[in-house]
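Those protein sequence lines, which keep their order, are chains A and B. Position one of the first sequence corresponds to residue 1 (the numbering used here), numbered consecutively onward. Position one of the second sequence corresponds to residue 1001 (the numbering used here), numbered consecutively onward.
Bear in mind the hints are in silico, worked out from the structure with no lab data behind them. Backbone N, C-alpha and C define an ideal beta-carbon position, used for all residues, glycine too. Certain hints may be false.
Which bits of chain B does chain A cover? Going by a derived footprint, with three or more residues having C-beta under 8 Å, they are [as the list claims (entries may be wrong)]: (1) 1011–1021; (2) 1034–1040; (3) 1052–1064; (4) 1158–1170; (5) 1251–1263.
Straight-line alpha carbon distances no greater than 20 Å define the calculated SDA-like cross-link-like pairs of lysine to any residue that follow [stated by the list, open to error]: (6) B/Lys1002 <-> B/Gln1214; (7) B/Lys1097 <-> A/Thr250; (8) B/Lys1097 <-> A/Glu260.
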Amino acid sequence: MGVLRQAGALAWTGLSTLHRRLGSSLVIVVGIAGVVGVLVSLLAMRDGFQATLAATGRVDEAIVLRGGANSELSSRLTREEATLIAEAPGVLGGPDGRPLASAEVVVVVNLPKKATGTDSNVELRGVGPRALALRGQVRVVAGRPFAAGRRELLVGRGAVAQFSGLALGSRVSLAGEPWEVVGVFASGDAHESEVWADAESVQSAYRRDAFQSVRVKLTDARAFDTFKAALAADPRLKVDVERTRDYYATQSQRLRRLIEVLATTVAIIMAIGATFGALNTMYAAVATRAREIAILRALGFTAGAVVLAVMIEAVALAVLGGLLGAAIAWLVFDNYTVSTLGANFSQVVFAFRVTPGLILDALRWALAIGVLGGLLPALHAARAPLTSALRGR
Amino acid sequence: MKYAGLVIAGLLRHRSRTLLTFASVVAAFVLFGLLNGVRTVFNEGPDTSGQDRLIVTSRLSIIQPLPYSQLARIAALEGVTQVAHANWFGGVYQDRKNFFPNLAVSPEAWLDTHPEILLSPEEREAFLATRTAALVGEDLVARFGWKVGDKLPLAGTIFPNNSGSNTWTFDIVGVMRSGAEQRARAAGEMLFRYDYFDEGRLQGQGTVGWYVVQVEDPARSGEIAQAIDALFRNSDAETKTQSEKEFNLAFAKQFGDIGLIVAAIMAAVFFTVLLVTGNTMAQGVRERTGDIAILKTLGFSGGTVCALIVAEAMLLLVAGGAAGLALAELVLPAVSNALRGQLPPLEVGAGTWLTGLGLMLALALLVGLPPALGALRLKIVDALARA
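Take the sequences, apply the hints, and build the full model.
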């Protein structure tokens, strides 16, 4: 108990005289704020991308592609195949009794990105009449859906924000023909980065006779196996079936890994730098207080209390830095919207997500740096020979 | 130089502090080396060649194919020396994770327009003579352990073939290497022949993904690019022609503003380094007020004392920075390995060393000057009285 009280008293003296060592104390705070800020921002990017793709998929929704194709862009399904798939067992019927299925065409179009002005690949998705009913998350937030057979576009909210010329009412030239933006939709997932139109209109504009994928709503999550088995048993079909949740999880894997490797490498190196900075600061701190500490030890303060007190100071500064870094990352990057090249060779718009879990993780790094940076100077202070320390060197 | 001893003595006065500061400078420059490597890959692409090459893609989008019939018309343009073409095949070797670009190309024209690809005459001969031939890059050979003579099966994710399966089999006839002074992008790619591809696929026969146009005089490439696009304006397949460099840049930008992310991280890192070393220098000079006063008493001019302190900062930052960049050279292969195939191999180039050196000197001035100016203004009498 005595040790704790002594340490508390010592730590208090240390912390209350911090303003006199402001410059060097800032080294710990800023160094750790840097590590935490960068780590949180990069991981928030990973989590945001992952969350956007994860939200796109469902357990009770399946996507069907040509056998061997690994994305919609590389797949091709004929009209007959699409009909067979929609009528397979396990598919939920709509209010009109017809299956909730949508045969879709995916085309990549060039549109300039607002931020850079350079052309980027934007996904134009031609969807079937039941696409909106199938995807419960899609809501039209402005204007109206496109009319069948017309050159009309329903654009995702993310696409409107990121790419030029997609505002409601504007005309866009696609495949050399004018298309009108008649509505904007929100879905909170990867579809928001897309531009939607009637599948038949897209097929005729791009002179295609086939579809790329068929999406179906299943009667429930367990119906997937029935549905998959039925398609596998049909000799007229050679297709791959996946739950959309799994499909989109796979699509995010590559970028996730890239960001993870980058974030960890950067954070480790920055943490090493910050630890050296922290060591420097704490050595300086115990050096300026060497005489005072020696006097207190002569008065009966134990070495343990000295170690503890120095550690408390280092950790307090580290946590302060960690919180500062996390706060900056949160203020600047939470909901910061960017887009990158994702599945289907086209842009996926997503927002950074700074979550409490991420911040807690990053604070652990801050704590570790504080402990490492405080330990050696603390031992040094506690072990300095009393007589020479009292004489002031 | 006669004061070198004094500069070193100044740094060694407080060894552990100098060492720790040195270490944080090293860490900062390791990071700089790594990130600048990443930035270079995204902004310029690994090969800086291709000044005399134009890329012709569909104006609609990069995935829209172009008719083969355009080749002859482009080749007939004045100032065009050769036209090659390629199709993105998107084949997968064993598992999706083993991603690498594989392209169906016009064999002879492709090799002629890409002189940075090094092949032995026998390898070249075999590629031109064998219909199922494939050339693989040296990075892929290192990754998968292939050798000349191996059969290479790829699953055609986009293109099933007319034998009713997804598997295409190729014969590896050569390994593409890059030269000493120029890295070839092909070192990470696999190339095979367009004729084999076009006969074997089920749809899209007679179309190509993009053309690579070699021009006689790079200075005229802008004009020729416009001439190509004009040739097909208002046709069914309008084109968009860019220099290879512009094309690579535009493509890299699609991944996002990597330059901005890197700049933001580097700003955070260097701000910290500035603080750490600045603090050390200021502390060191403060402790030596007495010494400095004595130096001045002995007849050292204010300017010399000032220079001594700045030189100390320079030595610390340049030594630490150089050590950091050297370490980055050692670490980069490991990072590249962890990212297998996601990015082209990363390297610390001459450009990074130069920028790094500039940063070291700038930082040294920033941290060295304030205490140095303080020493310049120091009055001997006051300082000695305090000491």
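Tested hints:
{"no.": "1", "hint": "1011–1021", "in the structure": "holds (count 4)"}
{"no.": "2", "hint": "1034–1040", "in the structure": "holds (count 3)"}
{"no.": "3", "hint": "1052–1064", "in the structure": "holds (count 6)"}
{"no.": "4", "hint": "1158–1170", "in the structure": "holds (count 3)"}
{"no.": "5", "hint": "1251–1263", "in the structure": "holds (count 5)"}
{"no.": "6", "hint": "B/Lys1002 <-> B/Gln1214", "in the structure": "violated, 58 Å"}
{"no.": "7", "hint": "B/Lys1097 <-> A/Thr250", "in the structure": "holds, 10 Å"}
{"no.": "8", "hint": "B/Lys1097 <-> A/Glu260", "in the structure": "holds, 16 Å"}
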